[in-house]
Structure formats: C-alpha cells, structure tokens
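K.L.:
Below, each chain spelled out in residue letters.
There are 4 protein chains.
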Amino acid sequence: MKLKTVGIKNIRYPVMIREKSGGGLQSTVASITLQANMPRRFRETCVATFLDVLRKYQEDMSVTIFPKLLVETRDQLQANSAHLEMTFPYFLEKKAPVTKTSGLMEYTCRFAGGIGEDEDFILSVWVPSTTLCPCSKEISEFGAHNQRAEINLNVKSKGFIWVEDLISLVESGASCEVYSILKRPDEKFVTEQAYKNPMFVEDVVRKVAEMAQAHPDIYWFSVGVESFESIHKHSAYAYVDSSGIEA
Amino acid sequence: MKLKTVGIKNIRYPVMIREKSGGGLQSTVASITLQANMPRRFRETCVATFLDVLRKYQEDMSVTIFPKLLVETRDQLQANSAHLEMTFPYFLEKKAPVTKTSGLMEYTCRFAGGIGEDEDFILSVWVPSTTLCPCSKEISEFGAHNQRAEINLNVKSKGFIWVEDLISLVESGASCEVYSILKRPDEKFVTEQAYKNPMFVEDVVRKVAEMAQAHPDIYWFSVGVESFESIHKHSAYAYVDSSGIEA
Amino acid sequence: MKLKTVGIKNIRYPVMIREKSGGGLQSTVASITLQANMPRRFRETCVATFLDVLRKYQEDMSVTIFPKLLVETRDQLQANSAHLEMTFPYFLEKKAPVTKTSGLMEYTCRFAGGIGEDEDFILSVWVPSTTLCPCSKEISEFGAHNQRAEINLNVKSKGFIWVEDLISLVESGASCEVYSILKRPDEKFVTEQAYKNPMFVEDVVRKVAEMAQAHPDIYWFSVGVESFESIHKHSAYAYVDSSGIEA
Amino acid sequence: MKLKTVGIKNIRYPVMIREKSGGGLQSTVASITLQANMPRRFRETCVATFLDVLRKYQEDMSVTIFPKLLVETRDQLQANSAHLEMTFPYFLEKKAPVTKTSGLMEYTCRFAGGIGEDEDFILSVWVPSTTLCPCSKEISEFGAHNQRAEINLNVKSKGFIWVEDLISLVESGASCEVYSILKRPDEKFVTEQAYKNPMFVEDVVRKVAEMAQAHPDIYWFSVGVESFESIHKHSAYAYVDSSGIEA
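Residue numbers (our numbering), protein chains in the order written: chain A, -17 to 229; chain B, -17 to 229; chain C, -17 to 229; chain D, -17 to 229.
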C-alpha cells in the first residue's frame, strides 16, 4: 500500500503579495495547508523544512513566485509530489460609483498548486456582491427582495493572471457590486442599479462563466454563487464548471 | 485565592423540548456548557456526575424543568454555585402569509441559568428576519436595498414564558418575517410588506425593546440586531438593554 | 452553454435515523444541501418541492431509504441529475473500557448521493480519537505527547453498511479510542493503552485504509486524519484514497 | 426610551502594530467592531466617518495609540459614548527550547476600549499551550494524557503594557509552552517538561491569575483556560476573575 500524502493543515503565516498597481507589496496573513508524498525520514522535519523555505518567499509572493515555493518545498522534502494552498484576505482601493469616495474592499484569494502527480495551479477569488430576485420584482407592485451573495471563481490559466483582474472580471457579474463606503448619491445608484438588473444565482453563474470562457488565458474554471436569501433562512446556490459547458 | 469555576464546554447531547402547542416533545441536539464552583474532590467525576443527572432530564426539558436540572447538578457536585447553558435549534411549523403553505422554520434558543452566587435564568432566542433600508427607499426612484438580519432577544422574567411566545414577539419586529416555503403570492406579499415597512437596525431594536418592555412578566431584557447588509461586506448592528431605557 | 446545478445550501431539518441496535429511530438535526440540473420552470418552486418530499422521508431515514428520497426529489423536480447531502450528529451508547460505565458518544455522519450524471452514494463518518507520537515516546525518558485527532472515512460500497459498523471500523484505528465518561480505572487504561500504541497520523491513515480495503463490500474509500498537535498550534494531517493504494 | 448603541460588526481592515523589540511595525489584518451612542443624523455616515479616522491610525497602532483612535472616532460621530474592538493575529519569533531554532508563533490579541459611559480599556491575549493531566499521570504506570489548551487573559492596567509582555506572562502558565518548530532535542524537552509539570485547567488558571495579581500595573483581570481533552470529545474549562479572588 502506498500512502498518498502527509503534511500540515491551517498554519497561519504573514505573507506579502505583489500588487498589480504601483508594483508594491501588500502585507496580509495567509492560512496555509501543505500535503506531500515524501520519504518517511523527512516527515518529522517536514514543518521545519517547509517553514524554512516559506521564510525565503514570504516577503514577495505572487502567482508567478508561488510555483517556485512549491518546487523548492518538494525538492527540500525529496517528495514525489506536493500540494500547497495559501488562502488570504486581500484589500483593494475601490471608489464609490458616484461620489468616487475611496475605501478598502476585502476579498478572499487563494493560490493552490500541485507538483508531481497532479500538476496544476488554481487561482481562486471570493467576491461579495448583490443579487436582486427577478421573480420578486416581476410579481410585486413595488420593491424586490435582494441580498448579499458571494461569488467564487476558480481558474486554471495558460498565462499569468493578476488576482486583481480575476476580481474585476467577477465583480461585474451580479445585480450590483458591493462597496465599503457609500454616500447618499452612491446608495441611490446601487439601489437603482440592482433593481434595473435582477438576477437569479443561476444567472450570475452563467454570466461569470461566459466571461471566464471568453478570457483568452483561462482554459478551465468553476463558478459557485451563494446568495444569503433575505426572505429565507437558507441560501440559494448555483454552480457550473467548464466540463458542463457546451460550445 | 478562590477559584471561580471549573467545568465542561460545548458538549453536544440529544434533548427533548416540551412544545407549547399540543403538549408534545420536540427532539433536538443541544450544545451544553457547565461551570461550577465545587470542591476539588468532585472535579474529576464532574462530567460523569453531570451526564448522569442530565440523562434523567433529557427526555423532558423545558423552561420550568431546566432549573431542577441546575439544582440537582449543583447538589450532586456539592458546589456553592453552578452555571449551565443549553443552546439548541428549535423548529416551528410556520404558514406562508398568503397561501398558508406550511413549512418548518428553524430558530436558535438558549436556556441559561445560575444558582448560588449569580442566581438567575435567561431565556434567549435568535430569529431570522428581513430589514429594508429607509434611507435607500427614500432616495431611490425605485427599489430599496434589503437583507437578512438576525434578531437576538434575551429576557429574565417573573413568570413562565414559552420559547414560542418569545419567538412570536420578536418575529413581528423587523421589516418583514422570514419563511421556509414561499409560493408566488407569498413572495409578492413579503416583498411588498418589507417595502412598505422600512427599518434601520436601530428601529428594529427599539420596536422589539418596546414589546419586551410592555410584556408583564419580563423584568430585564437585551436586544441585538445584526443586519447582513446587501450593499456592503460588513454588518450593521444595534443593541439595547433595559438599563439603557428610560421610563 | 449548459448550467450544471442549482439548489439550496445548508438548510437545517429534523430527521430520524434508523439505528442498528434494537431497530429504533434516533432523532437528530441534519444540515442539508441539494443541487439539481432541472428545467428553469421548476427552479422557483425547488425548495417547496424538496421540503415536501423530505417531509415524507424525515421520520425514517437510513442508508437504504436515502436513495429513495434522492430519486423522488429528482423526479419531482424533473431534473436530469440531482445531488443531495445530509450531515448530522449521531449518538451511540459507548461503555468505558474497564468500569463499563455507559455514556453517549457523539459522531458526525453524512449521507451523500448523486443520481443522473454522477451516480453514486458516499457514506461518511468523522470519529474522534487519540494519537500518541512515536517519535516523542522514543526520544523521551518518560511521557509522550498525545492529542485528540479526528478520523474521517468516506466509502462507496456494493452492499448495505450501517453507520454503526463504519464508526466501529474507524474507532480502533488510532492510538486509543475516545469516550464521553471515564472513571479512574478507565482513565488509567486509556492512558496506558495510548502509550503502548504510538501512531503518527500516517500510521492511523494506513491502518484504517487496510481495514477498509479488507471489507468485502467497500469498493472505494478515502481516509483523512487531522491531529490537533499538543506541542504546536497547527495540525498534522494525512490522507489516502483507494486510487493511491497498490494491491 | 434611549437607544444604547449602533455600529458595525466584523469589518476586516489591515493595521500595523508597533512591536516591542526593535521598535518596528508588524502588518496584520484586524477584525473590527464599533458601537456608539450617536445622534441619528450621524448614523448614515457612521461607516464612512469611522473608516476615515481609522485610515489615519492604521499605519501605526498600539496600546497607547488605540485610545486616540477611540476619542477621535467618538468626536467625529459626536457620540456620547463609543466602544471599539480590534482583534488580530500577532506573530512573534520564538526560539525552540534546546536547539534555539527560531520560528514564528501566532497569537491572537485584542484591544477593546470604551469612552463615555463605560470608560475603560481591556487588553487581551489568547495563547496556545500544553496541559498534562495530573490524575492520569498519578494513576498510570507510564504516560499521561496531554493536549493543546488555549489560555485567554484579559487585563485592565494602570500603566502601559506591551502585548509581548502579556503573552510572555501567560506562556509560562501551563504544563509546557507550544512552539512552531521543534527539532528532536526540543521535542524530547517539551515532552519531558510537560510530564514533570502536570496541571489541570484549574491549576493553569490559578497560576496565571497569581502572576497577573502580582503584576504592579494590572488592577483587574480575568483568565479562562480551555483544554481540548485528548481522551474526550469535549473541552475542560476553568475561569477566574479578580472579583473571585481573596487577598
């Protein structure tokens, strides 16, 4: 019998992520999971070895540097294969739609990569947004129920993709975008924007999927949308991945 | 130096809760925390002793039986004081507002009691509901942002109060109630009802507080309302307790 | 483009699970997720339809009845395919190893099934246990660090398997079993038992995998073990599935 | 009737914390809750106002700067009273006990302050550690069950206290400290250290309480210890605060 993987789960570590705009670095705290198929004699020192390698890379992390961390981790552990995941909150300046007031929006991002048996790299973002129910709008004399929703997009790509570009692709996918600071003219705008643009979770999933499919560098993706229904205690959820899409 | 309390945290246990309607018993799973100020020689057998006592009471639990469980736990542990909390999901049949379609709604309830030093009993409910923003409605040509909110009411009372009555008191406190099953006429109703009844979290807190204050048996309460804003990633929150209320 | 699935996430509902011993039924509260590939006109009534079907089955649920719920849900939604998951706490009487004092132990179980495109049924259990570190024991003059660990076993089987049998298979897989009530002779027993039986997470994974492989009815499985290390803030984790096992 | 507080809950924001050693700044991500008793006309712009103030302070935060953030927030909101909480992961270099191998340890810290009605400042730390059961050691021929525990200390102080000093005070309170990287000689050391130093949760609570009481600047504190028992599925928990302590 062959053991598949051994490793550590949910260790938190500070990392600095290279930003698209300005070429700066953003400090954040990642939750990291490492699994590797390594010789038994390396298992005891696995954490020490990995944290040594991580220390070298923590001060300048990006979609292109992550694979180097993965390769060096695999090499140092003399593992046949290794899998590494790094999930972290990521903050972007975002301007309110009318007053252009700027505020920091928080997104969740993940770098996940395998080397050896299952070689690939998946970039993921979780983006908050608003969904407004088309059925509720259609049947009601006024108003329409709406709520916060979370869109998760996971992609495999041929070329380099910035986390910022993936967030930007997703953010226009729902009834309206979400902001950290909204003044009165902004609140009027987002309320009316959502009302003019009603979407079920399946509509959001389809729209984001179409944009992902149209992206020249993305060759696989999955989209999941969870809507925290304002009229129920449960969530509505829709999901699609590339394999379920016809040309 | 005197040690305040020792005990167990977050043990899960099946319990049967006496229902108001029909006099039946509802099976659920409680998360239980026990803290007691007991002699050292009883600490090792604390869990065994408590679970023995709990077993006697688990098949018929209610607001009036809970204090007996507390007293017997204190006595068996020979503790000066003891504090017990039992949090559980509770299900009620609820009819949709127009079609009267019946569905099970889930609420969270808690019995929390102290005996000895801090003698009291607090009954708590967490009720999902809808809030619709008055500002958004006022400034927008059409629509208004709305979202799921959670109302938490905690009370101390002179007489017996059913969990069902507390839930019912809270449920009418927000822009609209939440249901498990809604058909088209029901969805039209709740959409329009919320739109006609805009409320900030502070309005909900005030309305629920007024009802609690008007209740003849409630002599202390606190209300907290968290609204999962559909236009932001953060929650709006308001809180009041009896001590902050003037006659 | 074809949408893969739409549905609901994390709705909680009371269910009664058929027990192996005595043929009784155990009341518990399940967290349920449903995804289906259904015609658009059925989506609005999806929740109402599903809860109607669930109501018929909630009072007598088991590994054999669950597929019927899945088939009827699919039929009522006129879906090409459907996927249903039901996760619930499950309680078993367990006797302490020496004094035979009986107490209720809590386990987490899951029924997960697909019909249509991905037809299968996976039965899962999460079992708490103790791991004692072989390296720590070997190098120390006295003592050895040990901790709570959680073993997760997921299986696909040809024939009927009781949840109870799966729990029982897993429970003997680690350094020592975990109990709800232990008197002094029992505590001595489990302490010494763990010390005599040191195991890394990879040893537990291998042992449980061997037992699963030897079971005549299991044709696929995966095992994951997370050990909440007493000497670190992070967890050790090992994983294996049937595809990584050589004859 | 007077409304007590309105505000926001669980907004995440990057902050830089002033470090004791070297006078540098550590980047982390805080989860922030703000409640204030402000005039109604300020409520709509509450988030924008607070985030404006926060932006000024986020790049240099400490126990002494936090009260200034609180005062300015209160002033800008024209609130009678305000309460602010900031919880964040904090990392410290920690050397293994024998080999002196250095690794980053993660702690959770919180600044919580009130101005107006309930004027005070509470500094909190959550520190992972190891507890080894005295009873298990005494009755067993070899070994003793041990597990990870979490110690929470909350203090009010007359003078300035570094988070680092509070962590250091707590860390020596249990059977043994926890580290991020341990080589073989270190693992031998912590195993034997814990075995030589058995403590129940109540012993840890008492020891930490004694140290807090002996600290010249601390005039109020509470200590809670949760031990994730390796032989049970539940936690053992002990708690004490200054009011339960006799001279």
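These are calculated hints, taken from the structure and not from any lab test. Do not rely on the hints blindly, as some may be mistaken.
The list treats identical chains as one, so a pair stands whether inside a single copy or across any two.
Okay, derived cross-link-like pairs now, DSSO-like style, lysine-lysine, Cα gap no bigger than 30 Å in a straight line [what the hints assert, rightly or not]:
hint, residue 1, residue 2
1, K140, K(-9)
2, K189, K(-9)
3, K(-9), K77
4, K119, K38
K.L.:
Treating 30 Å as the Cα threshold, decide for K(-9) and K77: within, between, both or neither.
P.N.:
Classified as between; 22 Å across copies, 36 Å inside a copy.
K.L.:
Checking an output row: K189 and K(-9), CA cutoff 30 Å. Within, between, both or neither?
P.N.:
Answer is between; shortest inter-copy Cα gap is 21 Å, intra-copy 34 Å.
K.L.:
Please work out whether the CA atoms of K119 and K38 approach to 30 Å or closer within one copy, between two copies, in both situations, or in neither?
P.N.:
Classified as neither: same-chain Cα gap 54 Å, cross-chain 33 Å, threshold 30 Å.
K.L.:
Should K140 paired with K(-9) be assigned to within, between, both, or neither, using CA atoms and 30 Å as the limit?
P.N.:
within (29 Å within a copy, 33 Å between copies)
Checked against the numbered hints given earlier, the structure breaks only hint 4 and satisfies all the rest.
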